[in-house]
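Those protein sequences? They're chains A and B, same order as listed.
Read left to right, the first sequence gives residues 1 to 386 (UniProt numbering).
Read left to right, the second sequence gives residues 1 to 386 (UniProt numbering).
Hints are computed from structural coordinates only; laboratory data are not their basis.
A portion of the hints provided could be inaccurate.
Any copy will do: because identical chains look the same in the list, a pair fits if it lies in one copy or spans two.
[To be verified] Derived SDA-like pairs: lysine to any residue, alpha-carbon spacing no greater than 25 Å straight-line:
| # | residue 1 | residue 2 |
| --- | --- | --- |
| 1 | 335 | 84 |
| 2 | 335 | 270 |
| 3 | 22 | 320 |
| 4 | 265 | 351 |
| 5 | 265 | 375 |
2 protein chains.
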Amino acid sequence: MSTTGITFPAGFEAAATTAGIKPSGNPDMALVVNNGPEFNAAAVFTRNRVVASPVKVSRDAIANGQLKAVVYNSGNANACNGTQGDKDAAAMQTLVAQTVNVEVRDVAVCSTGLIGEMLPMENVTAGIAALGEGLGDNGAQAAAAIMTTDTVRKEASVSKKGWSVGAMGKGVGMMAPSLATMLVCITTDASATSEALNDALRAATAVTFDTLDIDGSTSTNDTVILMASGASGVEPTQEELNDAVFQVCSDIADQLQADAEGVTKRVKITVEGTGSDTQALNAARTLGRDNLFKCAMFGSDPNWGRVLAAVGMADADMDPDNISVYFNDQPVCLKTTGAPGAREVDLSGTDIDVRVDLGTGGEGTATVRTTDLSHDYVEINSAYSS
Amino acid sequence: MSTTGITFPAGFEAAATTAGIKPSGNPDMALVVNNGPEFNAAAVFTRNRVVASPVKVSRDAIANGQLKAVVYNSGNANACNGTQGDKDAAAMQTLVAQTVNVEVRDVAVCSTGLIGEMLPMENVTAGIAALGEGLGDNGAQAAAAIMTTDTVRKEASVSKKGWSVGAMGKGVGMMAPSLATMLVCITTDASATSEALNDALRAATAVTFDTLDIDGSTSTNDTVILMASGASGVEPTQEELNDAVFQVCSDIADQLQADAEGVTKRVKITVEGTGSDTQALNAARTLGRDNLFKCAMFGSDPNWGRVLAAVGMADADMDPDNISVYFNDQPVCLKTTGAPGAREVDLSGTDIDVRVDLGTGGEGTATVRTTDLSHDYVEINSAYSS
């Protein structure tokens, strides 16, 4: 049995293959199958209004709260391919249903790669046949096959009393030269209703993937799926389920942040002292997306003026004369005025902690994780797509 | 008489000096004086809620629609300096009023430079005295003295029948290592009420400076001031005034875009086919601020998928299946699907024109100017502030 990943929980098999979608010749298709006895599932998808064809297919599939299989391809997003793209995504779903002998509606489809290129369906068809032959304890191989510009595969797991949760993930936000997207698959052998799974997944993603903000971009393909086999026979409480799902999501989010393209700094931004958690999140996101702030982080520059200039534009309650900023717990700005020694704070380490108090005395608080804006980010993302 | 700039219209004098605020030893203070016979004026300021002390002073000064002088310093933003910062900005105002013999409330103050450093008031005081001695036809010198990381001074003018408009500007958005801010001064010898000036200035800035969006950041100090001396004796119609003020604003905005830090591409984004001009502006801004799109522009990469992914997140009406994208007037995406030859479009030139039709058939349209995201942008903005 796997020690981590999607085949760590009982009741799941996986397969990976090289279908020839990626020009590199690396593995580019994966399949995850839930062998039951239960098939409850939940999913969250991109909020982008331009959605890839596989997202449309998967949204329909999850509507009844059940999934038995998820097929993945990397190297091609199957996004913005018109009616043909929709047909190809539906064909992938049908082929997998036939291969693993389930209903069409029990299959979700996830794709990641370049937008606007037609899927090579001959390769995909042969790939799905190979995936059907290769099912087994292959979570690690599946995690490798969904990678695009990821430099390492991302897997996680957590063991509870008699049950467990496993996960794999790739990408983060829109990070790479049209070859990114965040795809995450979470498996558990707990027994849980689709409602319970949905609650656990939404609670976990809200504070993990949703607050991991590298460049503010949102892919057309982002998909996080949670499937429960019930194979452990254990039905955890909602709280226990929430906690376990949160743990693997947090672990995968950490790995995504650490492997983000061109990253030299991991930056954690906490905003407090504003009207609500939503306002705090607005302000934290505004700061996390500010290029001048991100460049300063790249330069290990304790330039707190940029923090003030950025949060001053945020949709959040604030007292403009009572804003405080802390870098690595050292005050650099108090009451919107520089603190002694502010320019000498050491930000040379890889991890930088930024805390902003908007000064209203309000209870709102939120944390966002982001990265710096580096030369490598520009280099990777300016490379020619074709 | 100057051939362009703020002393091109009759009734204005300017001065520049080196007060020693900038470590470089370059000129760092300027003064513009309206000798009348009229003193009507208008101004627009940063929308940032964290505002520099000089902005507070200038907002109060313009409240009665009159200004007789504007003093500028570069090298120090006098922002986030608490009560002392407010006192220093007020002291600058008072010193200038004494020097040029006007009321305190007739003087506006503009500062640009690093946030969170106290102004060296001894230098500033001596500088103001020198400015008072040096008043004359010195628009060009004043334009040079307000530069921070600008590589060239920015001046503009337009001549009408018997009257004219002149302008100087510096910076653009928040572009440089804490040393930016957009400051613009516009002068005219037309006779115009402060209401007419206000209308002309707001109409012009809405479609020039407000749609020039380099990195989405907004300075604590941005200020655009328009003063009318009435020295020509000509009272133009509102339409004539609007047109002339728009022309100099557009000219200065072009110069700001061309001189933006690290720029290798000038990108013009037009969005149409959505519910309103405001929605079109939202979508154009969202695209203009998308780092992945900006990196693609740097790489001359016709990666239209990033355009779709970016506008799909915008707060604008769209038909997700009917979006069209044109690069330099060539269709690269029609009905949300790649157009033939899309990957071969030549974007190697400096100017790139991007047009996006959101496909609803709506009348909304807007244009935003932005730049690419280059290595130099990261380099310039990651340099240590202190």
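Tested hints:
Proximity of residue 335 and residue 84 under a CA criterion of 25 Å is satisfied inter-copy only: 12 Å between copies versus 58 Å inside one chain copy. With identical chains, the CA atoms of residue 335 and residue 270 are at most 25 Å apart within one copy only, with a shortest distance of 17 Å there and 41 Å across copies. Within a single copy, residue 22 and residue 320 get their C-alpha atoms no closer than 51 Å, and across copies no closer than 27 Å, so neither meets the 25 Å cut-off. For the homomeric pair residue 265 and residue 351, the shortest alpha-carbon distance inside one copy (6 Å) is at most 25 Å, but the shortest distance between copies (33 Å) is not.
For the homomeric pair residue 265 and residue 375, the shortest alpha-carbon distances inside one copy (12 Å) and between copies (17 Å) are both at most 25 Å.
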